[in-house]
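**Q** Heads up: the protein sequence lines correspond to chains W and D, in order.
Going by numbering that gives the first Met the number 0, the first sequence wraps up at 409, each residue one higher than the last.
Going by numbering that gives the first Met the number 0, the second sequence wraps up at 952, each residue one higher than the last.
Bear in mind the hints are in silico, worked out from the structure with no lab data behind them.
Being a predicted model, the structure only gives us computed values, none of them experimental.
Any given hint might turn out to be false.
Straight-line C-alpha distance at most 30 Å; calculated DSS-like pairs for lysine-lysine [said to hold, decoys possible]:
#, chain 1, residue 1, chain 2, residue 2
1, W, K175, D, K579
2, D, K273, W, K249
3, D, K105, D, K936
4, D, K936, W, K175
5, D, K487, W, K298
6, W, K165, D, K487
7, D, K670, W, K251
8, D, K202, D, K450
9, D, K549, W, K198
10, D, K573, W, K175
11, W, K165, D, K579
12, D, K844, W, K298
13, W, K251, D, K273
14, W, K231, D, K490
15, D, K273, W, K231
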Amino acid sequence: MKETSRREILKYGAALPLAMHSLDLHAVTKPKPVAPPRRIMFICNSLGFYKPNFFPSKRGDLSSSKYLKGMEKKEKMTVFENFFHPGMNTSNHDSEKSFLTGAASPEAPNFTNTISVDQVLAKQIGGDTRYPFLPLSIYDRGWGCSWNDRGVAIPPLHDEVQIFDKLFGEEDLAAKRRQILNDQQVVRCLYRDMEQLNKKGDNATKIDSYRTVIAELEQQLQHEAFWLKASKPVVPNTLSEDQEFAFCTKVKNLFELSKLAFQTDSTRVITFSMDWIYGAINVPGATGGWHTLSHHGGKREVLEKLSRIEMNLVEQLDTFLREMDEINEGSGTLLDHTTVVVGSNFGDSSNHTCHNLPTIVAGGGYRHQHHTVLENPTPLCNLYLELLHRHNVDVGHFGSSQQDMMLLKG
Amino acid sequence: MIKINSHPRFLLPLIGWQVCPFLICYLWSCFLLLGPISSAPAFDERPKQLFQKYCFDCHDDVTEEGGLDLKRLLEIRGFDGRLLFENLAVQKMPPADMDQPSANEKQAMLEWLASQQKERAPDSFGRMSRHEFVHSINDLLGTNLNLAEVIPDDRGTYDFESDRRIKLSREMLSAYFSVADEMLDFGFPPQGFPQEQLWLTNKLKDSHPSYDIYVRDYKDGILFSWTRANNGNSYSFFYDNFDPPAAGWYDLTFDTMKIGEFAEDISIQVHAGKYYFADDRPQPQRLLGVISVGNRELQARKLRVFLQPDESVSVHCYSKYTFRQKNGDQGAYIKQLQIRGPLQDQWPPTSFQKVFAGLPIKANPRKTIKVADIQTHLERIGGHLSVSSFQQGMEKEKMQDGSNRTFWHTQFTPTVAKPPHFVILENPRGVEIKGLSYSTWSGGNGNGQVKGYSVQFSDDGQTWETPIIKGVLETRLPNEQTILFPSKTSKRFIRFLVTDAVSLDGKSLASVGKLDVVVDQKNAAGLSQVSIATSAPDDLRQVMKRFSEKAFASELSEGELAPYVDVSLESLEKQGDFVKAARLGFKAMICSPRFLIRPGEYSNASYTKAAELARVLWLSVPDDELLRLSQSNQLSGKTLSDQIDRMLKDKKSERMIESFCDQWLNLRAWKKVTPSLKLYPGYDDLLNYYLPIEARSYLHHLIQENRPVTHLIDSDYSFLNQRLAQHYGLRGVVGQGIRRVTFSADVPRGGLLTMGAVLKVTTDGFDTSPILRGAWISRNIVGTPLSPPPENVKAIEPKSGDAVTLREQIEQHKSSDACYHCHKSIDPYGFALEGFDATGQYRTKYRVRKPHRGTFLFRLQGYYQLGKSVDTSGEIDQDQFEDVFGLKKILLSDHRKIAYNFAKKFFEYANGYKPSLQQRVVLLGMIQEKDDDCRMKDLVTRVLTYSLTGESR
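Full structure from sequences and hints, please.
**A** Below you can see the structure in the form of structure tokens.
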């Protein structure tokens, strides 16, 4: 029986058992069984999917969907029809802010968002990994679908190279340790100043708002200090550099990074906001402004181009699910231990309506139903509530939820 | 910061955060949403009678025009009168063909409406923006770093970065912490300041016969011609023999001249970026600056630029005369490039002189180290190489001469050398080597190019370890290929063993164009230490006190300052390093709520004003003069307006111009849209660089020179250079310097609307959309009150690339009352601008895309044919216009609308919230009756003064 070398301990650190597991290191060695962790990923396609191409035309049969029929993991996914978020009647693109929060009227000038479901999960299950969660987006926009408990946007990461480096890049540990100590000194100093500022009294709200944030930063520093003891996992850089279809490359790389992050147990919660810009994008077979095309108005030639873009996203999702399912973990696969929720804030982006949101739940080890058509329009937060329960977050409700409908079987 | 009791909530429901071009619909009346209905108290009868007189004809319980029963609405307590207010203020209502209230009557109506509003007060504080953060620290430390982009953009969907609804998050605070460190590291580098070095180079990293259409050897240097790649990207070629050893400022001096018999200047675009091989698609590069070359004799032209250690300098040349000529002899001849840096403005460095003024600064004398003219990294580390064999004329030196047209070749005549073929690189000083850099040779049949290799190390050059790395190499392209070792090595001998090579004649051969080592350049030239020759706690206290006054714009008592002083003193005590101790205190201050949350804590009213002024006009902290005036609490009255004047004249106010343009005109979206090269092959990096500069220069001029507000709409001048003039079809502007250019009457330019930057930022890069542009003008220039489109109104979309004009489709808006009610005040602006394409060029016909075969291949004539003629006519508020000249006339007929909108925008930019209705009444009062009296700088000054003092003169 081969011993785990010191070198490997250094390389994989505390995540070693998992890393050995997932990277299939010493396949001969059977490390003592570790129950695979449960992970979750949320994907928001902010311009939605063209419904007639997305939803199966024959109830229950995914191969009757133009987009989904080619997907390989049909047996590990369920498409839901008839979810919606209440209170999005005039929200337009602002509805994107509420995709994971369910907060009503995001277009209102005095709107304040609420916590997003991924953040609730990150609080619950994020503490065990180097990164409690990983927010991703395509563009450098500064906000995505993740919102903290004060309704403040959490800026997603969009630069693949930086993300790779964050997850797997070599670190100067001594410098990092000094850095953390230095920051902790600063934080202590600031607490002292805040104490005297608070005594002055007239600015309590202001100082309290800052105190909340710095308390979170302090926690982060502690978390980082803890993880200094373990080296980051080392994985080969498998990112694509194809610039011809820069948009597709970006999406592909973000999926790849998600897979690697899950595989190495660097995080257990990922949120991928597929945001958009006015500028044109290029996918095989179509070039155009994604947003411009999304207002297809039913025109055939516009839909042709739009569906190339949407189809491309579905193909990338397919690849992601397939690859996740090829990685064995415990008695199942990585996909079996990862719930992937794909959806959109728009039911129909051409008309800016938010009914019948396209929704897929894949993986997670559920007994999937292929296609579930809900009888009545149902708050998407019901599903979120169920997912929270499934991840042992014991809450009575979330957002606009009414009840845990037990939609996921097994 | 404003001293008015009632604060605004927010403006009316303006169009959604991202103006959705094809869905701005519906009637405004549905947005007069009612609060809880209760019986109205008796109110002042006079204004009510005025409403009755001027409004009830259409908006009473009988007619209910637009679904609005004003008679009923006004009786409701707490009704939402914001939209009503705006319609009245900008004279959208009553309609032009109805009786109009007199000025006094209107004032009374507006004041009454304002008094009826219960608006939620804006938040009393906001966080500092990322741009303010970086500028402030630069000014505090005397550094000049552009790190705002490293911090996430937290503006979200709000218009202005200053918006108080934006709250600090842990992620943002964490980014501030780390950027603070980065900036302090730059001002006070723990290891010392890198020595200044001087490089000379006249060689490029890539050379290949097929590049002769772009660059060729010429006299002692290189002739650059317009170098646009097949895919339309700018080919830019990287200079060899220079890699910045450290982040910092460098002077690039090009000895250059124009070659070519034409009047225009040639432009040298100087970029920085990670090296990429010219045949590859460029990685993102930064345009550092442009050198305009008109001189026909060599001249030294200098650019001061900031470079990062992983970047190289590359050059792209532009002139419309020199596009890909096989045997061209036109272009920019660059004899050599001289680079000096990293620079310090002064020595000891500014950062030390600024924050440790008065203390003894100890600094080694600084000298410039000249780097040998052309030197490989191997030579630089004192190394040399040997080879298994060589052919005469193809010696080992040919791998080290900076050219891949010359090469080393194993011996093939008179006898063919037997394998193994190898190169041994010797590293006598034991420098850490990261890897090897390899290039094929170019210009021949490729015989002997290396296909497979392995690398071995040895301590004595005799016994070789097992290969540390093996791999394959690209044989066709002459790009630099980097072979990185798994870890750095300082072994004495490195053997590059050829394991496989191209063999056209069946013989065993090997040949290499370039071979060099990859080393960490950092600090290769050494570092200069700078320190403070004191360790007295009192000195440290003084330093902290001075810094705190500047950073916090306030005088702190000893007690207040104690946490910051103590944290530094503790460090001084423990580590004995004065600078390090001070740094820790600085960092705590610039991460503190006193600094990051605005307004901060100020010891008197003048400090409050000074801090706000500096934030709004400079995106920074107050300077010494403002602090001096604040200390004696003198910042009011004439002193205040004099200071505003001084601050506007200061160069730092350009930050405000840039920031305001980015946000108000949405130029921040600039990089997101790239015009299609199929439709607009003339669009290039140079144009992309100068278009926003025109907009900024223009606004800067309007404010600095106190021009009439009407110049926002029209004037007979703008700020152009050769490239912009070419774009606008104007002759006689030579050189890329931006200068004021006067238009003749028939030129459809002047004012913001017809500026290329604005015209481009309102499209998706393919087609223009009258709705998007119309909405942009309504929202940003005219301030027409708009409502978001409601649900379930069918969208109208452009049919990309086909001959049916969008306009024809938009006319459908007329077919629906619901759409038309709003769109009649939006679309017409866009119609007038249909005379300009997605790059802002004037047009009379639409371009219709033509398909191309296979892969897109850039060509000057693009891929389009001319389609239908453009119709630029329209009607707005019953005024007809034929084209943009006519539209401008209509807009100019009421300068108050334009001035009012500008005042509101500037107010929001400055304060971080939209003015309340009561504040809007005051803003309206700032606007002169006569258009020529209504001036930009006056307006800016008044809005600012009002914001600071509540006085509106």
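**Q** Evaluate each hint against the coordinates.
**A** Verification of the supplied hints:
1. Taken as a hint, the K175 of chain W and K579 of chain D pair is honoured in the structure, with Cα atoms around 17 Å apart against an allowance of 30 Å.
2. For the proposed pair K273 of chain D and K249 of chain W, the alpha carbon gap of about 19 Å is at most 30 Å, so the pair holds.
3. In summary, the hint linking K105 of chain D to K936 of chain D is supported, as the alpha carbons are separated by about 27 Å, within the 30 Å threshold.
4. About 49 Å separates the Cα atoms of K936 of chain D and K175 of chain W, which puts this hinted pair outside 30 Å; it is violated.
5. At roughly 59 Å between alpha-carbon atoms, K487 of chain D and K298 of chain W are farther apart than 30 Å, so this suggested pair is violated.
6. Distance hint between K165 of chain W and K487 of chain D is fulfilled; the C-alpha atoms sit about 22 Å from each other, no more than 30 Å.
7. Using a Cα cut-off of 30 Å, the hinted pair K670 of chain D and K251 of chain W holds, with the two alpha carbons roughly 22 Å apart.
8. Distance check on the hinted pair: K202 of chain D and K450 of chain D sit about 26 Å apart at the alpha-carbon level, within 30 Å; holds.
9. Proximity of K549 of chain D to K198 of chain W is assessed by CA-CA distance (about 24 Å); at most 30 Å being required, the pair is judged to hold.
10. A distance of roughly 20 Å separates the Cα atoms of K573 of chain D and K175 of chain W; the hinted pair therefore holds under the 30 Å criterion.
11. With a C-alpha separation of about 28 Å, the suggested pairing of K165 of chain W with K579 of chain D holds against the 30 Å cut-off.
12. For the hint pairing K844 of chain D with K298 of chain W, the CA-to-CA distance comes to about 24 Å; that is within 30 Å, so the pair holds.
13. Of the supplied pair hints, the one linking K251 of chain W and K273 of chain D holds, its CA atoms being roughly 23 Å apart against a limit of 30 Å.
14. The suggested pairing of K231 of chain W with K490 of chain D holds, with an alpha-carbon distance near 28 Å, which does not exceed 30 Å.
15. This hinted pair checks out: K273 of chain D and K231 of chain W have alpha carbons roughly 26 Å apart, not beyond 30 Å.
When each numbered hint is compared with the structure, violations occur for hints 4, 5.
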